[in-house]
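Make a model of the complete structure from these sequences and hints.
There are 2 protein chains.
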Amino acid sequence: MTLNALAAVTDLIGPQLAAVDAQFRQELTSDLKCVGTLVRHVGRFRGKMLRPCLLLLTARAVNPRAEPTADHVRLATVVEMVHMATLVHDDVLDEAELRRKGATINHLRGNEAAVLLGDYLISHSYHLCSGADDAAVGLPPQYASRLVARTTNRVCEGELLQLDNRNNLDLNEPTYLDIIARKTAALTAACCRLGAAFAGADAETADRMEEYGLALGTAFQIQDDILDLTGDPRDVGKTLGIDVEKGKLTLPLIHFLRTAPAEHRALLRSLLTEPNPDKAEKIRNLILPGDSLRYARDRARALVDRARSCLLDLPDTEARHALDAMAEFVVARAE
Amino acid sequence: MTLNALAAVTDLIGPQLAAVDAQFRQELTSDLKCVGTLVRHVGRFRGKMLRPCLLLLTARAVNPRAEPTADHVRLATVVEMVHMATLVHDDVLDEAELRRKGATINHLRGNEAAVLLGDYLISHSYHLCSGADDAAVGLPPQYASRLVARTTNRVCEGELLQLDNRNNLDLNEPTYLDIIARKTAALTAACCRLGAAFAGADAETADRMEEYGLALGTAFQIQDDILDLTGDPRDVGKTLGIDVEKGKLTLPLIHFLRTAPAEHRALLRSLLTEPNPDKAEKIRNLILPGDSLRYARDRARALVDRARSCLLDLPDTEARHALDAMAEFVVARAE
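Sequence order for the protein chains is D and F.
Taking our numbering, the leading residue of the first sequence gets 4, the next gets one more, and so forth.
Taking our numbering, the leading residue of the second sequence gets 4, the next gets one more, and so forth.
Some clues are possibly wrong.
It does not matter which identical chain is used: a pair holds within one copy or between any two.
What the hints assert, rightly or not - Calculated pairs, DSBU-like style, for lysine-lysine (alpha carbon to alpha carbon, straight line, at most 35 Å):
1. K36 <-> K282
2. K282 <-> K51
3. K36 <-> K285
4. K51 <-> K249
No lab work stands behind these hints, which were simulated from the structure alone.
Quantities reported herein were computed from a predicted structural model and do not represent experimental measurements.
Structure follows, in structure tokens:
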């Protein structure tokens, strides 16, 4: 996101983002000191608040006449908490040591604390969600609770499918896209649907905003996977090269294994399967000269364009422009 | 539970227990094959269905004129799923290899699969819970969802408090009781409250049933801790001696460290802190001759009596007798 676009977002939903931040902290207050210590640490992982921004901006974009409500703030806090829980458990799965330039919970306090803290965050997010007043905006009972739970189901399924395909060098592009649609894009899609539905959007608009979130989230994950391969850890602020270390095939590698000359493909296959201290660097050097990275970037770009096209029927407001800028930001970011 | 009492329970709530079993399986059906394999394996851990029994029997006991409803079955499935999720994550924390005479998920499929499967179970339980019709029985909106989420919060807090006290040889009895009230008894208490509330119980009866569940759950955990120390793994069907291996002080040990002769206490402290292949057996041989096990059994017995006293104002029905028998079963069981 350019500095200008970021400033526009802060102007548009600044008070609500501050309220999300306060609610996040307040909800996780515990009478137990040991819980407080862990929760404070996880607070440091919070960065762009992409998911709360998506939810709040969607609310404004579909209904420019009204400010986002207290339930929008509540649900924005819920999705941020769900996201934090998945980060904490992801770091356990990845044995990652670094997250947003700080030590991960598992690295600092052990896997046990990280497993439990993730559980604690997720159960708090459900508790907070179950306070939403669905009926007040004409939604069916427990609309938000059901949607959030269904979404976390999909996130878990995506993670399990990814785990099942570890070290599967024959992973194809449709399965890769299915994995990231579930594990990443399901949540951004839910953010946009919740923002729209709780702003009184009609069914068609809510569907289109969900589609925006799904395309944006998928592009986001492809970009994340590209950065894991090409990024500078000093910029990105987290352990890189994890995908290849963990036997996760991502889009550039899938493309390479499908299209590169036979001897290059054989080399990548042996690099991926054999233990090697410089595995990530060697793979990077093999991939960089070809067009597999460009292929992945093009796919992400096409998804960003699809996301942006979902906004065209919305009223021409600053909130819509901010959503447009967020879609661009997803592929422009270096971290 | 004696065979007679067990048969009585099956007669009383047999159809509902069968419905819980069917709903458990149906809810966890996934279009992903890899998810199905894991879910089928976790199905094998299911044993006594203590928590669904508590919920369904409470429903019958407080309102003998009506059968348990579809929402009772739904919520009984929810609590069983929550319980399964905690078992799966507990086995990760404990690095346990055996559960109900079968390999644990973490032992069989790795910690990653176990973390994700636990997440999958918990998110499914919330999804199922969010379908309960609270208004139909005059309860506030999302009564069940809030109660279940608040309960899982407490379970996580109990686990975190326990983790924070690993290898704390000065753990005192009140903190131990606080840990087990949260990590174990909060869920059995919630079962009884849900059973009562969804059967139309008044506030006072629901409170008393929650108290029954809390006392029963606390006694259950004390008995579990005693069995971890004294049980025969062939009977109990799970890895034993884990508590001392993992530096968890339980009631017999806490009592011993408070009351045994100074040289015995010093011996236990060194056994607990120093690496030793026969740690569990040596500790068992040190504890058995003293009165610390009896002290723990007496505490459990007093809690069972307190639980049973909560039933006295209920109508004299078979369901009440079954709840009475379940309280007895908690301390009588060898597995």
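The hints, checked one at a time:
Taking the closest pair of Cα atoms, K36 and K282 come within 35 Å of each other only across two copies (31 Å); inside a single copy the shortest separation is 42 Å, beyond that limit. Within a single copy, K282 and K51 get their C-alpha atoms as close as 31 Å, which meets the 35 Å cut-off; across copies the closest is 49 Å, which misses it. Taking the shortest Cα distances, K36 and K285 sit within 35 Å of each other only across copies (34 Å), while inside one copy they are farther apart (45 Å). Taking the shortest Cα distances, K51 and K249 sit within 35 Å of each other inside one copy (26 Å), while across copies they are farther apart (38 Å).
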